[in-house]
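Student: Assemble the whole structure, with the sequences as input and the hints as a guide.
There are 2 protein chains.
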Amino acid sequence: MSISRKSLEIVQSSMSQYVIKTPVLKNKEINSICDSIIFFKCENFQKSGSFKFRAATNAILNLNETVKKSGVITHSSGNFAQALALASKNQHISSYIVMPQNAPKFKKNAVLKINDNLIECKSTLDERENTTREIQNKYNLTFIHPSNNLDVILGNSTVVSELIQDHADLDYILCPIGGGGLLAGSALACNAYSNKCEIIGVEPLNVNDAYKSLKSKKIEYNLNTDTIADGLRTNLGDINFPIILEHIKSIICVSEDEIINAMKLIYNKLNILIEPSSAVAFAGVLKEKEKFKGKKVGIILSGGNVDSKKLPF
Amino acid sequence: MSISRKSLEIVQSSMSQYVIKTPVLKNKEINSICDSIIFFKCENFQKSGSFKFRAATNAILNLNETVKKSGVITHSSGNFAQALALASKNQHISSYIVMPQNAPKFKKNAVLKINDNLIECKSTLDERENTTREIQNKYNLTFIHPSNNLDVILGNSTVVSELIQDHADLDYILCPIGGGGLLAGSALACNAYSNKCEIIGVEPLNVNDAYKSLKSKKIEYNLNTDTIADGLRTNLGDINFPIILEHIKSIICVSEDEIINAMKLIYNKLNILIEPSSAVAFAGVLKEKEKFKGKKVGIILSGGNVDSKKLPF
Numbered sequence: 001m002s003i004s005r006k007s008l009e010i011v012q013s014s015m016s017q018y019v020i021k022t023p024v025l026k027n028k029e030i031n032s033i034c035d036s037i038i039f040f041k042c043e044n045f046q047k048s049g050s051f052k053f054r055a056a057t058n059a060i061l062n063l064n065e066t067v068k069k070s071g072v073i074t075h076s077s078g079n080f081a082q083a084l085a086l087a088s089k090n091q092h093i094s095s096y097i098v099m100p101q102n103a104p105k106f107k108k109n110a111v112l113k114i115n116d117n118l119i120e121c122k123s124t125l126d127e128r129e130n131t132t133r134e135i136q137n138k139y140n141l142t143f144i145h146p147s148n149n150l151d152v153i154l155g156n157s158t159v160v161s162e163l164i165q166d167h168a169d170l171d172y173i174l175c176p177i178g179g180g181g182l183l184a185g186s187a188l189a190c191n192a193y194s195n196k197c198e199i200i201g202v203e204p205l206n207v208n209d210a211y212k213s214l215k216s217k218k219i220e221y222n223l224n225t226d227t228i229a230d231g232l233r234t235n236l237g238d239i240n241f242p243i244i245l246e247h248i249k250s251i252i253c254v255s256e257d258e259i260i261n262a263m264k265l266i267y268n269k270l271n272i273l274i275e276p277s278s279a280v281a282f283a284g285v286l287k288e289k290e291k292f293k294g295k296k297v298g299i300i301l302s303g304g305n306v307d308s309k310k311l312p313f
Numbered sequence: 001m002s003i004s005r006k007s008l009e010i011v012q013s014s015m016s017q018y019v020i021k022t023p024v025l026k027n028k029e030i031n032s033i034c035d036s037i038i039f040f041k042c043e044n045f046q047k048s049g050s051f052k053f054r055a056a057t058n059a060i061l062n063l064n065e066t067v068k069k070s071g072v073i074t075h076s077s078g079n080f081a082q083a084l085a086l087a088s089k090n091q092h093i094s095s096y097i098v099m100p101q102n103a104p105k106f107k108k109n110a111v112l113k114i115n116d117n118l119i120e121c122k123s124t125l126d127e128r129e130n131t132t133r134e135i136q137n138k139y140n141l142t143f144i145h146p147s148n149n150l151d152v153i154l155g156n157s158t159v160v161s162e163l164i165q166d167h168a169d170l171d172y173i174l175c176p177i178g179g180g181g182l183l184a185g186s187a188l189a190c191n192a193y194s195n196k197c198e199i200i201g202v203e204p205l206n207v208n209d210a211y212k213s214l215k216s217k218k219i220e221y222n223l224n225t226d227t228i229a230d231g232l233r234t235n236l237g238d239i240n241f242p243i244i245l246e247h248i249k250s251i252i253c254v255s256e257d258e259i260i261n262a263m264k265l266i267y268n269k270l271n272i273l274i275e276p277s278s279a280v281a282f283a284g285v286l287k288e289k290e291k292f293k294g295k296k297v298g299i300i301l302s303g304g305n306v307d308s309k310k311l312p313f
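Those protein sequence lines, which keep their order, are chains A and B.
The first sequence begins at 1 in the numbering used here and counts up one residue at a time.
The second sequence begins at 1 in the numbering used here and counts up one residue at a time.
Please note: incorrect hints may appear among the correct ones.
The list makes no distinction among identical chains, and a pair is therefore deemed to hold if it is satisfied within one copy or across any two copies.
Stated by the list, open to error - Heads up, simulated PhoX-like pairs for lysine-lysine below, C-alpha to C-alpha not over 20 Å straight-line:
#, residue 1, residue 2
1, K295, K122
2, K113, K28
3, K264, K310
4, K310, K89
5, K218, K28
6, K293, K21
7, K108, K310
8, K217, K293
9, K309, K264
10, K89, K28
In short, the hints are calculated from the structure, not lab data.
Tutor: So this is what it looks like as structure tokens:
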């Protein structure tokens, strides 16, 4: 699946008044450590603290008027929860958010500040889906999946559209993989905007379902979700996986220590705090320095929702 | 003294390829705490980590070719030191940097990473000036003052030019005061670009020489320099003071605790680390909430050069 630049521009322009065009940061010391030129696309400064706000906003904007009246629901471990709560509030639409018990308390509190309709459930995917279905039926809501939804994917595409519009000569863009929505959106935008740039996914080794899926060409699942990158524990879906399969050639897997080191380095050199899920892409560059030597590399800092009182370093 | 918008645009355009157009961040939680709408102009993400890079760059660009060949010198407690070292290196001009012994080690190390010509001296202003003069004469260097120099002031003006160009409806812009170079530059830009916006200076109570100077209409000096805001210990000069006197109506003084609280709040809500000198302007809004209630307020986050291992909170 490919989407024309013109179609992506329509998405971008319809959202532009609601989302922040996030800054791109560069840092000489980091370039010298990596031996490449890094462009950090700072979605940690997006509304609701992550790129998910783009996804939620585009999904909401594309609902029909009847659906808008009844409201929406999602299940999410954190960032899409906050994003949908805020995007729907901004458009005066009611929303219900199902969050697993093991989602960070910090992220639950952030949702509660926006929206009272937070429902907790057990942490398995089955339980998330069952609880969601129950409430969805009860209130006649429209379910918006955090990653496996075309409007969500197109909303996400605007991150890379903005990045390439301003930095047309990037060789690579590295993107963290959780449910696959950001990677699929990034792939569509890169394909539409650049002949030379390649999107590479980066995933925690402990939950490397996407790495395995790309290899086996079918959706694989994680046996456990034991990673500090709490936003990347989910698996791919039937809408985003074909896009990933068509456009993505490689995925780098990084260890927990590598994720924490990347997060720490960004903190010490850029003086910004990002969440572990967001440090994963940078960890990929640090791991494969030789591959990126001398290249211009975009890194999507996907989110900044982290409890500054509970840092892992 | 006033400068036309056209002249300021020439300054801005001559520098544009060398400096970063820094991002402006907003945050709902901070707005709700302040009961106003805050626009943080993030000079902490400027090259060399502070707005001083604009000052140094403009000063260097305006040197004549003979002077460029011999090189430049300055004395600074930190940010202008780094800025001049980097700006001159970028233009292939040699520079000498005199720093007082009590400047943060962290800032000295940052200079040494760019330039070996770092000379330490005793911490009094007399000693800084004597040491500088000695080396200046020895190597036939041109002295560039960190704040009391018109090219420096015009370089600084571009911070507020950018901010008002993108946010024309600001009611106030708050600006920290050290040597007065940023405040004077901000005043000139605000005067040229806006009919409604007012620049307000904010200064640590412990070194409130500018507050006293504005009151007595002559340059006053600090009896001691005991503030955590290490970039704001210096006094005004004969070039920037007349500009400040003409355009600035009020200065807010904040305590050390108020500075640390502002720094902490920015860290906890925006997840960015700024240096204490840079938190001073935001401390001014927090201190005078009633004055700024419901208003659109620009805050210049002047720099981010802080040792993340030595936070005061």
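Student: Confirm or reject each hint.
Tutor: Here is what the structure says about each hint:
1. K295 x K122: neither (44 Å within a copy, 44 Å between copies)
2. K113 x K28: between (38 Å within a copy, 11 Å between copies)
3. K264 x K310: Answer is both: 13 Å inside a copy and 15 Å across each meet the 20 Å cutoff.
4. K310 x K89: The answer is neither: 29 Å in one copy and 40 Å across copies each exceed 20 Å.
5. K218 x K28: neither (41 Å within a copy, 42 Å between copies)
6. K293 x K21: Answer is neither: 29 Å inside a copy and 27 Å across each miss the 20 Å cutoff.
7. K108 x K310: This pair counts as within: shortest intra-copy Cα distance 15 Å, inter-copy 30 Å.
8. K217 x K293: Classified as neither; 30 Å inside a copy, 57 Å across copies.
9. K309 x K264: both (14 Å within a copy, 11 Å between copies)
10. K89 x K28: between (40 Å within a copy, 13 Å between copies)
In summary, the structure is inconsistent with hints 1, 4, 5, 6, 8 from the numbered list given earlier, while agreeing with the others.
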